[in-house]
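Protein chains in written order, with the working numbering: chain A, 1 to 331; chain B, 1 to 331.
One thing to keep in mind: the hints can contain errors.
No copy labels: a pair is met if it fits in one copy or bridges any two.
Straight-line distance between alpha carbons at most 16 Å, and here's what the computed EDC-like set of lysine to aspartate or glutamate pairs gives [claimed, not checked]:
| hint | residue 1 | residue 2 |
| --- | --- | --- |
| 1 | 113 | 240 |
| 2 | 103 | 15 |
| 3 | 103 | 135 |
| 4 | 68 | 256 |
| 5 | 68 | 274 |
| 6 | 68 | 270 |
| 7 | 232 | 274 |
Hints are computed from structural coordinates only; laboratory data are not their basis.
Protein chains: 2
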Amino acid sequence: MREAPVVNPIERLLEATAADMAQVNALILSRADSHVEMVPELARYLIESGGKRLRPMLTVAAAQLFGKGKGSAINFAAAVEFMHNATLLHDDVVDESDMRRGKPAARMVWGNKASILVGDFLLGQAFMMMVETGDIAALGVLSAASAVMAEGEVFQLAKTGDLTTTPADYAEVIRAKTAVLFEAACEVGAMSGGADAAGREALARYGLELGNAFQLVDDALDYGGQTGTLGKNTGDDLREGKMTLPIILALTEGSETERATITTALGDAEATAEQVANVVAILERHKTLARTLDQAHAHARSAQQALEVLPASDMRALLSDVVEFSVLRAY
Amino acid sequence: MREAPVVNPIERLLEATAADMAQVNALILSRADSHVEMVPELARYLIESGGKRLRPMLTVAAAQLFGKGKGSAINFAAAVEFMHNATLLHDDVVDESDMRRGKPAARMVWGNKASILVGDFLLGQAFMMMVETGDIAALGVLSAASAVMAEGEVFQLAKTGDLTTTPADYAEVIRAKTAVLFEAACEVGAMSGGADAAGREALARYGLELGNAFQLVDDALDYGGQTGTLGKNTGDDLREGKMTLPIILALTEGSETERATITTALGDAEATAEQVANVVAILERHKTLARTLDQAHAHARSAQQALEVLPASDMRALLSDVVEFSVLRAY
């Protein structure tokens, strides 16, 4: 990979998509509205809580890349963000998470019940926005993503605390729960931008590989990233019993004692900071954080390669830089 | 209304739609499948638990009524049933229900988490089946229904135990949470059958009014129906704090003592059979069960009237009889 660019590529992506994203954000706000007060209150609490809106930015960026826009990218971008937020609402209930984006999770404020139902509402609104484009092919891409994402979450749930989980199982979970929505976001963006079959395929692969890289980095960051630096949220996945790659590899390669240290803390919501530190030390000893990040790099390279079939342009270069930045988060 | 027909109209509807429903049922089973074992296990547990499949039957019956079938009714019928089952899974989590269709609710067997996620999966699969028809207008009808249903559930949640709930609030809740899916089921059926605008509108109104009648009857049955006959599930809505019409009317018209008897039991999961019996006695004294059923009858008549713009046919007569039967359940 090239040297990291001087200006943060996410900032440059924000700038390049600003005009479209202003429309997307207006649409998001208006479609989160309802005469049932709890709906916009809860939805806006989450939506305005400072997420990066990376997924909808990718949708409008992909449309810009091809530039023969049919104008439907705005709707698809808002729909993608709603799908993502619906998933977050349901995931926080399923994971019993207390915090999201540095604030109490919506379920801590309005309860699990409202979080489930407002998630359903956002999903319904997402489909309505898609339908308004009249683009049935793009609707197919996003509805398939929706089913696969839920299936991936069930698979992750079934594998929670399951010590026999393999790296292949893990690869399937992150593809389904994260990468498929990145893939769909980029693919429908390309479709709205008038991409041909090769362009559409390139952007789909770009999104899928970027999403895989993104989740691998997240899963390494949960244990402090490359350097295993301990922070206040370090070990959340451990306490929830999530079978992520750093743990799967360490369980395979660790000694009996190391395995016991891991399995005692795994899935124990009350595991202490010291227990987490001991587990992180094992992950470092077996270099499983570094190897997780190596896999992230490999996916990142694939994402960049996917773009190479397309004509060179500023947007293509920017999308390539975004990939690089997304893995640098871990250092 | 005419005399009740000799043969149960639901049985006759089953017979009239048997060939189409065999296809619908096969599609439902195949689309509830997944390599993630927990998905088909949980989904089939609910799907095969002996629900009447009234909604998908209405979809194929509506298509048959117009008879210029585009063949998409099968997909829409299966999608409607998946939407309904997704809602049941989420509702049982929200209502903390232990039982569904005489068996332990899915959440009691697989847990709340799996019920939420498999509900999401069924919704995603529903949209995929709709997309496969290529009928974007019908997709619009069903996606709007999906958003309104969730909104209605949030409204019902917000109104739980709220003593200021009005009959108008109640009418809005039952329209959104129940009638809109009946409406959509009938409307997309008519659309797949090649109905013109008037036919489509007639079936939409038929479904909406039937759905309203259906829910009013359900809410009266929860307190024992017309006769206030106490059974083992009598008073579930009371214990959950659901503001249904029999309770709303009794709170408006009851004495201070009667109001106190109701409000003490309302929302108390541990309310005794005696408390429930005392509340039912109040509902009978103010005839609020009978008046709830009067409203059901009025909606049922509207449903039948909606059909009258259409040419007479055996199917039209059968759909009219189905309405009649749906309100007779309460006696």
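Cross-check of the supplied hints:
1. 113 to 240: between (21 Å within a copy, 13 Å between copies)
2. 103 to 15: neither (26 Å within a copy, 56 Å between copies)
3. 103 to 135: Classified as neither: same-chain Cα gap 37 Å, cross-chain 42 Å, threshold 16 Å.
4. 68 to 256: neither (59 Å within a copy, 69 Å between copies)
5. 68 to 274: neither (56 Å within a copy, 70 Å between copies)
6. 68 to 270: neither (54 Å within a copy, 63 Å between copies)
7. 232 to 274: within (12 Å within a copy, 52 Å between copies)
Of the numbered hints stated above, those contradicted by the structure are hints 2, 3, 4, 5, 6, listed in ascending order.
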